[in-house]
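*Asks:* Chain by chain, the residues run as shown.
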Amino acid sequence: MNRMLEYKVAFALTLSIVSAAPAVRAQEKAPAKMKASAIQVKMIESEEIKLPAEFQVALYEDLIQQLQKKSGFQQVYREGDRTAANAAELVILRSSVRGFKEGSERMRQVTTVAGATSLQVHCEFADKDGKVLLERDISGKVRFFGANLNATNDFAKKAAQLAHDNFSSAPKA
Amino acid sequence: MHKGNDHRFVFAVCMFALGFLAAPSRAQQPAKPAKVTHITGLTGVKNKTNGTLGLENGALRFSHDKADVDLAASSLEDVVTGNDSQRLIHGTLGTLTMFAPYGSGRFLSLFRTKLDTLTIKYRDADGGLHGAIFMMGAGTAESLKVDLVAAGAHTSVPTPTNGAAPKGTDIKEHKP
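Listed in order, the protein sequences are those of chains A and B. Residues in the first sequence are numbered from 1 upward in steps of one, following this note's numbering. Residues in the second sequence are numbered from 1001 upward in steps of one, following this note's numbering.
Think of the hints as simulated: they come from the structure by calculation, not from any bench. Among the clues, some could well be false.
Claimed, not checked - Covered, in the sense of this in silico footprint (three residues per stretch, anywhere, with C-beta under 8 Å from a C-beta of chain A), are these stretches of chain B:
1) 1032 to 1046
2) 1074 to 1084
3) 1126 to 1134
Said to hold, decoys possible - DEER-style ranges, computed between Cβ atoms:
4) B/A1138 to A/M34: 42 to 50 Å
5) A/R98 to B/L1110: 32 to 40 Å
6) B/S1104 to A/L13: 58 to 66 Å
7) A/E89 to B/S1104: 34 to 42 Å
8) B/T1049 to A/L133: 33 to 41 Å
Every residue, glycine too, gets a C-beta built ideally from N, C-alpha and C.
Using the sequences provided together with the hints, build the complete structure.
*Replies:* Structure (C-alpha cells):
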C-alpha cells in the first residue's frame, strides 16, 4: 500500500516538473531587449575567406531588406550614410564571413541531397562608441531548391530575427 | 566599255576604303543595351525584374516596363563580373518539370545555359553604400564592364588589356 502511495507521489512530482518546464524555459529564452531605434549596416567583410562579389553584395542587400521588414528598428541605415550620425540609440552591425562553401545548383537538382551552399557569418552589434552589445555566428544554407545566392537570404532572415529578439525601440519593463 | 569598267573598279576600291574607315567609328559607339535580370539591389526596382542594361550619356541605365534607373558611371565604386548557370527550362515551367515522372525532371536539370553576372557598388546622395547584381547572357558582362570603366567607373578587378603580355611570358622572364 505504501509502495502504491510512493508511486503516486513520484508520478505527481514528475507530471508537475514536466508541465512547469516549458514555462521556465520560456522565461530563460526571453532576455530583456536592449533599447535601440536605428541600425546601421556595414558592408560584409571577408578578409579570411575568398567570397565572390555577388555573394558579398547579396548578403548586404538581403540583410538590409530583412532588417527593414521585420527587425522593428525605426530606421535602417547603410554604410556611409551621413544622416546616421544624427540618429539616437544607433546600433552598428558589422558582419564578417567565417566560412563559405559554394555548392552547385545543378548537383542539388539532380541528386537532391548533394551540392548544398552554406556560409557562416559572424555578426557583431555594437553601439556608437564601439562597445559590443551582442555577437553571434549565423549560418545561411541552400540545401534542396533554389539558386546558390538564396543562402544569403537565409542568413539575412536569421540575422533580422536575432535583431528582433534582442533589440527594441521601446524596451520591456 | 573599258572606261566603264575602270570607273566601277575605282568606285569599288573607294567603297572598300570607306568601309575600313567606318569600322573604327562603329566600334567607338556604346554597346547595345543587353537583356538582363535585376537580381537585387537597385532602389525602387523589385528583385528578379527583367529589363535592359546599357551605357547612355555616361550613365548606367537599367530600363524595365515601369521606369528607367540611371546611375552615373563615376559614382560606381566597383564593377565586377562573374559567371553562373541556370536550367535551360527555368521559371514556373522549370519547377513543374521537377515533378515529371521517371526522374526526367532531374535529367532536364543537366541542360543549362551559361550566364554572366555583373555586380556593382555605388553611393547614393547621402553617401549610403548600395550594391546591385544583374544576370545576363554569357559574354556580355565583360564588354559592359570595359565600357563602364572607360566612362569613369572603378573596379577592384582590372580587365586585362589587349596589349598584355601573352601567357607564359612572365614565367620565362622570372626563371633564374
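*Asks:* Within 34 to 42 Å: is that where the Cβ-Cβ distance between A/E89 and B/S1104 falls?
*Replies:* violated, 57 Å
*Asks:* Test coverage of the segment 1032 to 1046 of chain B by chain A using CB-CB distances below 8 Å; three residues minimum.
*Replies:* As far as the segment 1032 to 1046 of chain B goes, the hint holds, because 3 residues have Cβ atoms under 8 Å from chain A.
*Asks:* Given a hinted range of 42 to 50 Å, is it respected by the beta-carbon distance of B/A1138 and A/M34?
*Replies:* Hint holds: Cβ distance 48 Å, inside 42 to 50 Å.
*Asks:* Verify the CB-CB distance for A/R98 and B/L1110 against the hinted window 32 to 40 Å.
*Replies:* holds, 33 Å
*Asks:* Cβ-Cβ distance between B/S1104 and A/L13: within 58 to 66 Å?
*Replies:* holds, 59 Å
*Asks:* Can you confirm whether chain A covers the segment 1126 to 1134 of chain B, using C-beta to C-beta distances below 8 Å and requiring at least three such residues?
*Replies:* holds (count 8)
*Asks:* Is the hinted range of 33 to 41 Å satisfied by the C-beta distance from B/T1049 to A/L133?
*Replies:* Once the Cβ atoms are compared, 37 Å apart, the range 33 to 41 Å for A/L133 and B/T1049 holds.
*Asks:* Tell me whether the statement that chain A covers the segment 1074 to 1084 of chain B is true, taking a Cβ distance below 8 Å and needing three residues at minimum.
*Replies:* holds (count 4)
Of the numbered hints stated above, the single one contradicted by the structure is hint 7.
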